[in-house]
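If you read the sequences in order, they're chains A and B.
Those letters in the first sequence? Residues 1 to 321, per the numbering used here, in order.
Those letters in the second sequence? Residues 1 to 321, per the numbering used here, in order.
Note that these hints are calculated values from the structure, not bench results.
These figures come from a predicted structure and were not determined experimentally.
Certain hints may be false.
Chain copies aren't distinguished; within one or between two, either way the pair holds.
Calculated pairs, PhoX-like style, for lysine-lysine (alpha carbon to alpha carbon, straight line, at most 25 Å) [stated by the list, open to error]:
| # | residue 1 | residue 2 |
| --- | --- | --- |
| 1 | K223 | K25 |
| 2 | K79 | K61 |
| 3 | K79 | K223 |
| 4 | K79 | K299 |
| 5 | K38 | K203 |
| 6 | K25 | K14 |
| 7 | K206 | K223 |
| 8 | K206 | K14 |
| 9 | K61 | K38 |
| 10 | K299 | K180 |
| 11 | K32 | K14 |
| 12 | K223 | K32 |
| 13 | K180 | K223 |
| 14 | K25 | K61 |
| 15 | K32 | K79 |
| 16 | K61 | K180 |
| 17 | K206 | K61 |
| 18 | K14 | K203 |
| 19 | K206 | K299 |
| 20 | K29 | K61 |
| 21 | K14 | K29 |
| 22 | K203 | K61 |
Protein chains: 2
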Amino acid sequence: MNSYVVGMDIGGTKLATVVADASGKILQKVRKPTETEKGPQHAVQRLLEMVDETIRLAGLKREDISAIGVSCGGPLDTKTGVIYSPPNLPGWDSLPLKALMEAEFHIPTTIENDANAEALAEWRFGGGRGHNYVLYMTMSTGIGGGIIANGQIYHGANDSAGEVGHQILLPNGPLCRCGKHGCLEALCSGPAIARRAQEAIRKQPKPNTALLELTNGNIDCVKSEHVLEAVRNGDSLAISIMQETAYYMGWGIANLVNILNPEIVLIGTIAIAAGDLLLDPIRQIVADMAMQRPAEVVKIMPAQLGEAVGDLAAIALVIDD
Amino acid sequence: MNSYVVGMDIGGTKLATVVADASGKILQKVRKPTETEKGPQHAVQRLLEMVDETIRLAGLKREDISAIGVSCGGPLDTKTGVIYSPPNLPGWDSLPLKALMEAEFHIPTTIENDANAEALAEWRFGGGRGHNYVLYMTMSTGIGGGIIANGQIYHGANDSAGEVGHQILLPNGPLCRCGKHGCLEALCSGPAIARRAQEAIRKQPKPNTALLELTNGNIDCVKSEHVLEAVRNGDSLAISIMQETAYYMGWGIANLVNILNPEIVLIGTIAIAAGDLLLDPIRQIVADMAMQRPAEVVKIMPAQLGEAVGDLAAIALVIDD
Chain A
1 MNSYVVGMDI GGTKLATVVA DASGKILQKV RKPTETEKGP QHAVQRLLEM
51 VDETIRLAGL KREDISAIGV SCGGPLDTKT GVIYSPPNLP GWDSLPLKAL
101 MEAEFHIPTT IENDANAEAL AEWRFGGGRG HNYVLYMTMS TGIGGGIIAN
151 GQIYHGANDS AGEVGHQILL PNGPLCRCGK HGCLEALCSG PAIARRAQEA
201 IRKQPKPNTA LLELTNGNID CVKSEHVLEA VRNGDSLAIS IMQETAYYMG
251 WGIANLVNIL NPEIVLIGTI AIAAGDLLLD PIRQIVADMA MQRPAEVVKI
301 MPAQLGEAVG DLAAIALVID D
Chain B
1 MNSYVVGMDI GGTKLATVVA DASGKILQKV RKPTETEKGP QHAVQRLLEM
51 VDETIRLAGL KREDISAIGV SCGGPLDTKT GVIYSPPNLP GWDSLPLKAL
101 MEAEFHIPTT IENDANAEAL AEWRFGGGRG HNYVLYMTMS TGIGGGIIAN
151 GQIYHGANDS AGEVGHQILL PNGPLCRCGK HGCLEALCSG PAIARRAQEA
201 IRKQPKPNTA LLELTNGNID CVKSEHVLEA VRNGDSLAIS IMQETAYYMG
251 WGIANLVNIL NPEIVLIGTI AIAAGDLLLD PIRQIVADMA MQRPAEVVKI
301 MPAQLGEAVG DLAAIALVID D
C-alpha cells in the first residue's frame with residue numbers, strides 16, 4: 001500500500017519537503033533553510049533527513065511512499081536527474097540528485113525545473129485545469145515560464161524550453177541577469193519595475209509621487225510593491241510605470257500567443273497581487289498586437305495556486321491522472 | 001491491400017495531387033491551376049477528379065488507397081477539417097473539405113495547415129529526421145512556421161501555433177500583411193527584403209549598386225533574388241541588406257530558441273538559396289542573443305526537401321512510422 005508521494009521544493013533560501021496522498025492533498029510539511037554557503041552535500045543530507053521526518057510526521061513509513069518529485073531551479077537534466085549549477089544554488093555543479101535520492105529511498109525520483117513543475121501544478125490543481133495548452137509565467141524576481149501541452153511539460157532539446165522571460169524585446173535595452181540586453185525579464189520583473197520607477201523619479205526635477213511617501217523619501221527603496229500601492233492611490237508616475245509594464249508584458253505575451261497559441265496564460269506573483277489593474281491593460285495590448293485567431297481564444301489570468309505552488313509543483317510531478 | 005495514400009497540396013495558384021506508397025515514395029502526380037476566381041466549388045470538383053486521375057495513372061484503384069492527406073493554407077480546424085478563408089483562397093469560407101472528401105472516397109482524410117504539414121515532412125523525410133524537437137520556418141512570400149515535438153505537430157488551442165513570423169520585433173516598424181507592424185515577416189520575407197533594398201537605393205544620392213544593373217535601372221523591380229546575386233558579386237549595399245536580414249532573423253530565432261529549445265531550426269526557400277551566406281551570420285546572432293544552454297544545442301540549417309516539400313507535406317500527414 002504505497003499510495004503516498006513525497007515532494008521536495010529546493011530553493012536558494014529554503015528547502016521544503018511535503019508528503020501528499022494520491023489525490024495531491026498535502027498531509028505534512030517540513031521546512032529548513034538551504035544554507036547554500038555550507039555546500040550541496042550539507043543540503044542533500046538535510047533533505048534526506050527532512051524526507052524521513054515528514055514521512056514520520058504524517059504517520060507513515062518509507063514503504064508507504066511510491067515516488068519523489070523534486071522542483072528545483074534549473075538548468076538540470078530531467079532524464080539523468082543531474083543539476084547543473086543553478087544561479088541560486090552555488091556549488092551545485094553536476095549534482096546527481098536523482099541518483100542520490102534513488103540510492104537512499106529506492107523509489108522513482110522525478111526532477112524538474114521549478115517553473116516547469118509549477119506550470120504542471122497549475123495545470124493539474126490550479127488555473128490550468130481542463131486546458132490542453134497552458135502557458136505559465138512567473139513574474140517576481142525573474143520572469144520564467146513553463147509550457148504544458150496535452151498534460152505534458154514541453155521540455156525541448158535539453159530541458160531549456162519555456163524561457164519566455166528571455167525573449168529580447170529591446171536589444172539596446174537594460175542589461176538582464178542573463179547577460180543579454182532588453183529581455184522581457186529586464187523590463188518587467190519586480191526589480192526591473194522598481195528600477196524603472198526609480199529612474200522615472202530621478203528624471204523629475206521636483207519629484208511629486210506617492211512612491212516617495214511610501215519609502216520615506218528613499219528612492220533606492222522603491223520596490224514593485226510600492227508601485228502597485230501607489231497605482232491604487234491614483235499616483236500618476238506609478239500609473240505610467242504600470243502602463244509601461246503592461247505594454248512590455250502584453251507585447252511579449254502577444255508574441256507567445258502567436259507562437260504557442262495557448263488556451264490560457266497564467267501569470268504568477270506580481271500579476272496575482274496586481275490583478276486586473278495590470279491584467280486588463282495586458283489583455284488590451286495582446287488583443288492589439290497578437291494575430292486575431294490565437295488572440296480570440298486565449299484567456300490571460302492570474303495564477304491560482306499562490307504561495308502553495310512550490311509544494312504542489314513537486315507533488316504534481318509524481319501524481320497520476 | 002490498401003497500402004497507398006493520396007496527398008493533396010492546395011495553393012492559391014495551383015492544386016496538386018499525388019499518390020505515394022506506404023514508405024512515402026511518390027508514384028504519380030497531377031497538377032492543375034486553382035483558378036480561385038471560379039470559387040471553391042470549382043476547385044473542390046477539380047480536386048475530386050484529380051484524385052481519381054492520379055490513382056488511375058499510378059495503375060491503382062480507389063480501394064488501394066487508405067487515407068488522404070491535405071496540406072492547405074490556414075486558418076483551418078484540423079479536428080473538424082473545415083477551412084476558414086485562407087488569404088490565398090478567397091471565398092473558401094467555412095469549407096468542410098474533410099467531410100467532402102470523406103463523403104466521396106470513404107477513407108480518413110487529414111487536413112493540416114501547410115507550414116505545419118511541411119514541418120512534419122521535414123521531420124519525417126528531410127532535415128528533421130531523428131530529431132525530437134524541430135522548428136521549421138518558411139522564408140519566401142511570408143514567414144510561417146511549424147513546431148514538431150516528439151513526432152507530433154504542436155497545434156495549439158485552435159490550430160494557430162507556429163506563427164513565428166508574426167512575433168513583433170519593431171512595434172513601430174513596417175506594416176505587415178497581418179495588419180500589425182514590425183513582425184519578423186515584415187522585415188525578412190522576400191518582399192520585405194526587396195522593399196528594404198529599394199528603400200536603401202532610393203536613399204543614396206547617387207546610387208551605385210549592382211542591384212540597378214541586375215534590374216536595368218528599375219528600382220521597383222529589385223527582388224530578394226537580386227539582393228542575393230548582388231551579395232555574391234560583393235555589392236556593398238546588398239551586403240548590408242543581407243546583414244540586416246540576418247540580424248532580424250537571428251533575433252527572432254534567438255527568441256524562438258529560448259522559448260522552444262529546438263534541436264534543429266530548418267529554414268526554407270530563401271535560406272536554401274542563400275545557404276551559409278545568410279545562415280552563418282544568423283548563427284552568429286543566435287549565439288549572441290539566445291541563452292547559452294539552448295543556443296549550444298541548436299543547429300540552424302536550410303530545409304532539405306526544397307521544391308518537393310509541398311507533395312511530401314500532404315503525404316507526411318498520412319504515413320505511419
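Verification of the supplied hints:
{"no.": "1", "hint": "K223 / K25", "result": "neither (35 Å within a copy, 63 Å between copies)"}
{"no.": "2", "hint": "K79 / K61", "result": "neither (28 Å within a copy, 48 Å between copies)"}
{"no.": "3", "hint": "K79 / K223", "result": "neither (39 Å within a copy, 48 Å between copies)"}
{"no.": "4", "hint": "K79 / K299", "result": "between (32 Å within a copy, 21 Å between copies)"}
{"no.": "5", "hint": "K38 / K203", "result": "neither (43 Å within a copy, 63 Å between copies)"}
{"no.": "6", "hint": "K25 / K14", "result": "within (21 Å within a copy, 58 Å between copies)"}
{"no.": "7", "hint": "K206 / K223", "result": "within (20 Å within a copy, 54 Å between copies)"}
{"no.": "8", "hint": "K206 / K14", "result": "neither (42 Å within a copy, 67 Å between copies)"}
{"no.": "9", "hint": "K61 / K38", "result": "neither (29 Å within a copy, 75 Å between copies)"}
{"no.": "10", "hint": "K299 / K180", "result": "between (30 Å within a copy, 21 Å between copies)"}
{"no.": "11", "hint": "K32 / K14", "result": "within (6 Å within a copy, 67 Å between copies)"}
{"no.": "12", "hint": "K223 / K32", "result": "neither (27 Å within a copy, 65 Å between copies)"}
{"no.": "13", "hint": "K180 / K223", "result": "within (23 Å within a copy, 34 Å between copies)"}
{"no.": "14", "hint": "K25 / K61", "result": "within (17 Å within a copy, 59 Å between copies)"}
{"no.": "15", "hint": "K32 / K79", "result": "neither (27 Å within a copy, 50 Å between copies)"}
{"no.": "16", "hint": "K61 / K180", "result": "neither (48 Å within a copy, 60 Å between copies)"}
{"no.": "17", "hint": "K206 / K61", "result": "neither (65 Å within a copy, 85 Å between copies)"}
{"no.": "18", "hint": "K14 / K203", "result": "neither (38 Å within a copy, 60 Å between copies)"}
{"no.": "19", "hint": "K206 / K299", "result": "neither (41 Å within a copy, 53 Å between copies)"}
{"no.": "20", "hint": "K29 / K61", "result": "within (15 Å within a copy, 67 Å between copies)"}
{"no.": "21", "hint": "K14 / K29", "result": "within (13 Å within a copy, 64 Å between copies)"}
{"no.": "22", "hint": "K203 / K61", "result": "neither (62 Å within a copy, 78 Å between copies)"}
Hints 1, 2, 3, 5, 8, 9, 12, 15, 16, 17, 18, 19 and 22 from the list above are not met by this structure, while the remaining hints are.
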